[in-house]
Structure formats: structure tokens, C-alpha cells
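Chemist: When we follow full-length UniProt numbering, the leftmost residue of the sequence shown carries the number 1, and every step to the right adds one.
Take these hints with a grain of salt, some might be off.
When the alpha-carbon atoms are kept at most 30 Å apart in a straight line, the in silico BS3-like pairs for lysine-lysine are as follows [stated by the list, open to error]:
| # | residue 1 | residue 2 |
| --- | --- | --- |
| 1 | LYS243 | LYS217 |
| 2 | LYS76 | LYS372 |
| 3 | LYS13 | LYS78 |
| 4 | LYS76 | LYS188 |
| 5 | LYS265 | LYS217 |
| 6 | LYS365 | LYS217 |
| 7 | LYS35 | LYS365 |
| 8 | LYS180 | LYS76 |
If you anchor each label on the Cβ, the simulated ranges turn out as follows [unchecked claim]:
| # | residue 1 | residue 2 | range |
| --- | --- | --- | --- |
| 9 | GLN49 | LEU211 | 38 to 44 Å |
| 10 | ASP147 | GLY348 | 48 to 54 Å |
| 11 | THR278 | ASP73 | 24 to 30 Å |
| 12 | ASP251 | PRO200 | 36 to 42 Å |
| 13 | ASP251 | ASN410 | 41 to 47 Å |
| 14 | ILE136 | ILE287 | 36 to 42 Å |
| 15 | PRO24 | MET360 | 22 to 28 Å |
| 16 | THR278 | HIS216 | 39 to 45 Å |
| 17 | PRO302 | ALA121 | 45 to 51 Å |
Calculated directly from the structure, the hints in this document are not laboratory data.
Using N, Cα and C, we set each Cβ at its ideal position, and we do this for glycine too.
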Amino acid sequence: MYGRFRYPGEFEKRSDVFVTWLPPYIGAGEFDSRKPCAEIVKALVDQVQVHVNCGQPGCLEDARSYLQEAGVDLSKIKFTQFEDTNWYGRDNGPNVMVDDEGNRILVNPNWSYYGVYDHSAQDCVIARQAGVHNGISLGIYDIVNSDLVSEGGDREFNGEGVLIAIEDTEVRKRNPGHTKEQVEEEFKRIYNLQKVIWIPRPMLEDDDYRLGPLDHKEDGTPVFGMSFAAHADEMCRFISTNKVLLAEVTDEEAAESEMNRESKKRLDAAYDILASETNVDGKPFEIVRMPIAEPIELVLAPGDDDYDLYKGFIDDMGGTFMDGTPWPEGEVHFYAATSYCNFLICNGVVLGQRYWHEGMDASIKEKDERAKSVLQECFPDREVIMIDVFALNLMGGGVHCWTKDVAAAN
């Protein structure tokens, strides 16, 4: 009975967007992660029905107060209180498919908190349930369940039976007991797909930070990432049924750092695959390139909330990263999970990401402007709004990560 359903592309009409309000303590120092969240909600309330889930104690009161102070019309928001242990609804939010008769179904994959825990852990079960609760709140009661562990940020659909996903993420990191063929078969079953395009590896700065340093400073100081995700939506996006936007590292940028050199290898491999692929009708994809964001460093010290959080993950592994690097003494240097590909397409607007602040290098401002120009060229009939999103990137998130859009019923 599910054979008539499809997962629409994000560029198609949307009816709802779900977000999970972040607790006040999420952020670092002067960076308040709720500020970009309020900007996102404000930009969306006239486009779709926005659902703000307040899944932890105290969040409902904080969300209402913060959004009202930001000038958001609270009457346009549906507030819910489904318990949730994850902050980024893109990944565990409702996966809604539609048919041509106005019907919708919900796909319910498994959840392992980005491969950090076993999927049977209580926090993982709660996060998975939250996505189902959100779907049911839309009146969707038909659910396709799967034991496959997968997050929404690593699934890019063209709306016509094609999915782009990261092989290293979906197979080795999330479903190590399965072959690529088995994972692909399950994707095709639950999402009614005809083709899965596998990108070998994610952007280095979005890879599992527990692997080890992204780069080293001139004095040998290691610099770590701030993400676990390893998702496609940081590097590769469907912007129409037959057009893909892909991040790009130039030769000049690759010469600047070991991080850029590795990311260029991964993006070049992705380009070669996409350039040789077609849609289900055999038509090649058009590829548009997006500049990478400049790395922005954050230094955390013992006692900072984020410091203790990230150190805790390494403590769970015996105090060393997967490559054998020990957790540093004193201050620790990080690069935020910056990207211009983590945008949201939602009806009349496209919400992009920007980074420049007074006092920052001019190259960051120039990259922001180039990224906005690319989005405007790709979406000439939509308003492009660039969100100051650095505070949200500090926990590995972004505009796309924080939002879960739902296609309108046809």
C-alpha cells in the first residue's frame, strides 16, 4: 500500500517546519545559540506552520519569552512538549512522505545519537519517539518502521526516486553490521527509491570529532572539530530534481592547510561520482559549486559548558581520540562546523548561513557575500535571508540541522 508514496524534494511546497528549542545553557561564553534560532523562526512563521517543541524542563517558558522578545508573533507558533534528548530536529524529526491524493505516511528509522550510543539506550529511544510524536501531531498515523540507523541530515532527496547519502556514515558509522547493499536495499524499501547515490566520505570538519584533530597550528597545537554528524547536508544538496549544489575547495585553499587538502580530496571524489550519475530517466545532473566557509576558531577552557561536554565524550573513550591523540591539558582549540551548504529551502525563502562580524578577517565577509550570491542565482524567485549562525554551529548544528520541514500534502 505504500508504493504510491514518495519523499519530496525540499524545493517543493512545504506545510510545516518542526524545531526543538535549545536549553539556555547550550552555547559557549558570549555565544547564545538561541539567538539564531529566534531569527530562523521569525523568518519562517509567514511561510509555514512552525512547531516549536520544548522537550526539556523549563524550555517552554524560555522559548515563549525569548521568541516574544525577538518580535515573533507567538500566535503563529504551535508549542509542544514532547520529551526529546536531541536538539537538531533535522535528524530525528518526522520523515513524511506524500502521495498524489493528499495522503501522508511517516517513516521511522532507528536512532543512535550519531553513533555515540547503542540505539537501545534510553536517550536514543526518547529521541526516536519524539519524531513519531511530532508526526502524529500532524494527524499522520500510518508509520513505516525500520531498524536502520539513519539521520535526516544525511538524506538528500530529489523528489523523483533518488537519494544522496554518505557511504561512510550510513554503513560503517551507523550500521556496521550491514553491507552497503543491505543499507541501500532498506533505503529503497522505506523511501520507495529507485536509486541511491553514495558519496564516499563527509566534509572533514563535519566528521566525527572523536576521530582526532582536523588540523594543527604552526606550533603543533591540535585543532578539533565540533561535530559528530558526517552528513550530506554540509556539502551536497539537491536544489531541484536535476540540479545538485556541491561545496568546493580551490587549489589555493587546499595549499593553506591539511584540513582543506583532505576536504578537497573528499569533495573532488564526490564531484566525480555526481558528474557520472544520472536521474532515474538517465539525464545527467547539473552541478553548481558553493565555496567552503572560512574556518573560525573557538578556544574552550576547563569549566566552560561546551568544554566539559566535549571532554566527556573523550573521557568515555579512555581519554584519547580514535587516532591516539590524548585530550590536551588546559585550553582546547576547535573549529566550528561552518558551512554554506546547510541552508533551508522553505517556500518563498531560503535561509542561508553567514559568519562575518566586525573585527573578523575580510575574507570571511567576502565568502559570506559569495555564498549569498550563489543562493540567489540558484533561487531567483525566493528571498535569500542569511542568518548569523555561528553560535548554532558551535554544537555541530546549523540552519538545516535545526529545522525539519514537512512537504505539503498534494
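Chemist: Compare the structure with each hint and give your call.
Modeler: Structure-based check of each hint:
no.: 1; hint: LYS243 to LYS217; in the structure: 38 Å, violated
no.: 2; hint: LYS76 to LYS372; in the structure: 28 Å, holds
no.: 3; hint: LYS13 to LYS78; in the structure: 20 Å, holds
no.: 4; hint: LYS76 to LYS188; in the structure: 36 Å, violated
no.: 5; hint: LYS265 to LYS217; in the structure: 21 Å, holds
no.: 6; hint: LYS365 to LYS217; in the structure: 23 Å, holds
no.: 7; hint: LYS35 to LYS365; in the structure: 20 Å, holds
no.: 8; hint: LYS180 to LYS76; in the structure: 43 Å, violated
no.: 9; hint: GLN49 to LEU211: 38 to 44 Å; in the structure: 39 Å, holds
no.: 10; hint: ASP147 to GLY348: 48 to 54 Å; in the structure: 38 Å, violated
no.: 11; hint: THR278 to ASP73: 24 to 30 Å; in the structure: 45 Å, violated
no.: 12; hint: ASP251 to PRO200: 36 to 42 Å; in the structure: 21 Å, violated
no.: 13; hint: ASP251 to ASN410: 41 to 47 Å; in the structure: 45 Å, holds
no.: 14; hint: ILE136 to ILE287: 36 to 42 Å; in the structure: 38 Å, holds
no.: 15; hint: PRO24 to MET360: 22 to 28 Å; in the structure: 26 Å, holds
no.: 16; hint: THR278 to HIS216: 39 to 45 Å; in the structure: 41 Å, holds
no.: 17; hint: PRO302 to ALA121: 45 to 51 Å; in the structure: 27 Å, violated
Checked against the numbered hints given earlier, the structure breaks hints 1, 4, 8, 10, 11, 12, 17 and satisfies all the rest.
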